[in-house]
Amino acid sequence: MTGQGGAGRHNPALRIRERICEETLDALLAVPALHDRYARDLLTDLVGEALGHRADLREQATVPLQLLELFRFCTRHQDGLSALARKLQMLEQGCPQGPVVQRLADEWTAVDSLDGLPEVTGSWQFLGATLGTPAMSYAMRTALVRTATEARVCAPPPHADTCWHDFLHMAGQGAPRGGLPPWMVYLDRAADAMGHPVAVELLARNRQWALSCGLAELLDLDRARTPAPPPAVRPGQEYLAIHIAPDPLENGRYTVSHSLMSEAGGPNWQHGDPMQRVPTDGLQQAVTRIIKTVEGGGGDRLAHVWLEFVLPFELLNLPVDRWPRDTTEVPNVPLAVDYPVVVRSLDRLQNRDWYRFWRTRWQQLGRDEHPSKSVYVNVAHQNGNHLRGLEARLGDNEHCVALVLSEPPLPDHGNGRRELHAALRSGLPVVIWHREGRSTKEFRGVLDGLLTEGLSRFPAKVAAYRRRAAIDAADDEDAAHIGRHLAVLWDDPDRKPVRPEPP
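When we follow my numbering, the leftmost residue of the sequence shown carries the number 1, and every step to the right adds one.
In case anyone wonders, no lab produced these hints; they're calculated from the structure.
Each residue gets a CB set at the ideal place from its N, CA and C atoms; glycine is no exception.
Please note that a few of the clues may not be correct.
[Said to hold, decoys possible] Calculated cross-link-like contacts (lysine to aspartate or glutamate; reagent style EDC-like; alpha-carbon spacing at most 16 Å):
#  : residue 1 : residue 2
1  : Lys292    : Asp326
2  : Lys373    : Asp396
3  : Lys461    : Asp448
4  : Lys373    : Glu453
5  : Lys373    : Glu398
6  : Lys292    : Glu329
7  : Lys461    : Asp338
8  : Lys496    : Asp347
9  : Lys292    : Asp338
10 : Lys373    : Asp448
11 : Lys292    : Asp273
12 : Lys496    : Glu238
13 : Lys441    : Glu407
14 : Lys496    : Asp353
[What the hints assert, rightly or not] FRET-style restraints, in silico, Cβ to Cβ:
#  : residue 1 : residue 2 : range
15 : His77     : Asp161    : 25 to 33 Å
16 : Glu391    : Ala193    : 44 to 52 Å
17 : Arg438    : Pro158    : 35 to 43 Å
18 : Leu42     : Asp412    : 44 to 52 Å
19 : Arg289    : Val63     : 41 to 49 Å
20 : Arg438    : Arg352    : 30 to 38 Å
21 : Asp448    : Asp220    : 40 to 48 Å
22 : Asp192    : Gly414    : 53 to 61 Å
23 : Gly414    : Asp161    : 43 to 51 Å
I would like the entire structure built from these sequences, with the hints used as guidance.
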């Protein structure tokens with residue numbers, strides 16, 4: 001008995017778990033809704049459903065004890081605390097304790113993963129102080145996460161604010177076969193951003209931990225290898241997403257709103273007030289109001305704005321890049337002159353069943369393979385063979401991340417609509433088509449030119465091509481220019497400007 005108690009007192013992982021328990025209970029008690037018994041019962045049911053295990057908790061006399069029962073239930077199941085954090089947000093929208101509990105869930109998972117390495121868990125306070133100190137930009141943190149996981153994780157999770165939070169998330173990621181664990185690579189790379197004495201100490205400890213794991217030789221090889229420079233992130237990059245959603249009560253009217261995200265400010269979107277019941281012929285004026293609001297509110301900041309239209313399926317063929325920057329200007333200047341413009345699928349953003357396929361294909365897109373592998377061109381045939389088995393062909397081709405439709409996805413063009421549905425269900429993040437007609441040899445020839453440098457450069461080349469089309473089309477004399485009819489759907493799952501409805 002005495003020996004076990006002494007071991008427990010000197011077990012760093014046990015002490016960390018006790019603190020996580022205390023901090024989680026403090027966070028839950030700070031949620032006003034959880035002081036209501038029925039709200040606690042609802043949260044318990046939601047967590048149990050998410051984990052696939054009925055939560056039959058013993059009735060306790062006080063709120064803290066009842067929440068302790070829930071905490072203990074969560075820790076007995078894989079991903080339990082993460083499920084608690086997710087369902088907490090459903091119970092109280094925008095609950096500030098949600099991200100706190102999610103970070104504690106990451107820490108719990110990290111301790112579980114590193115429990116066999118007491119040298120690491122024994123350095124927990126050192127790691128927390130060291131990694132929580134450097135003020136590192138979100139772009140740099142993203143580059144570190146991508147490097148540490150070989151791009152399996154594309155960005156820090158939304159609840160992470162510091163390198164310490166990123167490390168905890170990395171510690172829960174599995175190591176590739178025959179490779180270093182992501183957390184170990186992350187520590188080595190993060191040391192480069194620290195002051196000399198702290199960096200030397202961190203690198204020395206990481207080397208000792210690698211030695212304990214039998215990974216010292218691998219770590220030395222990784223250090224000797226010249227690291228590739230992190231991917232360049234354009235300073236001042238901003239994303240403006242304009243949402244156009246059908247009014248649920250009246251056909252032909254829409255709710256128009258916008259969201260703005262800055263890469264310098266992290267992954268959170270700032271949402272604007274919606275405009276309700278906008279008629280179809282008022283959409284362009286509504287977009288003008290949004291553009292003026294965002295540009296006026298930003299002042300004279302140095303920023304490059306990427307414009308995204310989040311549209312329902314029936315509106316994806318709208319020529320939004322040709323809409324006027326300002327409807328009061330004469331002559332009108334198309335949005336494509338000032339902004340790279342893409343469309344996004346509102347239906348996909350709201351359908352979680354498609355997320356896993358979408359994420360897989362986006363990760364594949366990051367490999368930037370040659371377009372001959374990554375782009376599937378669906379050429380129309382009179383016998384309809386180009387439609388038969390399309391979704392199966394897309395699913396069977398792991399290299400494919402983009403589809404060129406044989407025709408536009410219009411109500412009276414059933415083939416184009418079916419092709420687009422197949423692309424979305426298969427997770428393809430990029431879909432390209434000609435708005436006005438079939439995919440001709442001329443159109444495909446233009447795409448070949450725009451894709452010569454791969455898909456990574458495709459949006460920028462499309463933006464330049466559209467600007468040239470706008471210049472050449474003065475007074476509408478060259479309306480046939482393909483740049484005026486080129487539609488591009490570009491869906492990045494790391495930036496979801498529309499929060500899907502809870503399941």
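Here is how each hint holds up against the structure:
no. : hint                        : result
1   : Lys292 - Asp326             : 8 Å, holds
2   : Lys373 - Asp396             : 13 Å, holds
3   : Lys461 - Asp448             : 12 Å, holds
4   : Lys373 - Glu453             : 13 Å, holds
5   : Lys373 - Glu398             : 9 Å, holds
6   : Lys292 - Glu329             : 13 Å, holds
7   : Lys461 - Asp338             : 14 Å, holds
8   : Lys496 - Asp347             : 12 Å, holds
9   : Lys292 - Asp338             : 13 Å, holds
10  : Lys373 - Asp448             : 13 Å, holds
11  : Lys292 - Asp273             : 14 Å, holds
12  : Lys496 - Glu238             : 14 Å, holds
13  : Lys441 - Glu407             : 13 Å, holds
14  : Lys496 - Asp353             : 15 Å, holds
15  : His77 - Asp161: 25 to 33 Å  : 27 Å, holds
16  : Glu391 - Ala193: 44 to 52 Å : 45 Å, holds
17  : Arg438 - Pro158: 35 to 43 Å : 41 Å, holds
18  : Leu42 - Asp412: 44 to 52 Å  : 47 Å, holds
19  : Arg289 - Val63: 41 to 49 Å  : 47 Å, holds
20  : Arg438 - Arg352: 30 to 38 Å : 34 Å, holds
21  : Asp448 - Asp220: 40 to 48 Å : 45 Å, holds
22  : Asp192 - Gly414: 53 to 61 Å : 55 Å, holds
23  : Gly414 - Asp161: 43 to 51 Å : 48 Å, holds
Hint violations for this structure: none, all hints satisfied.
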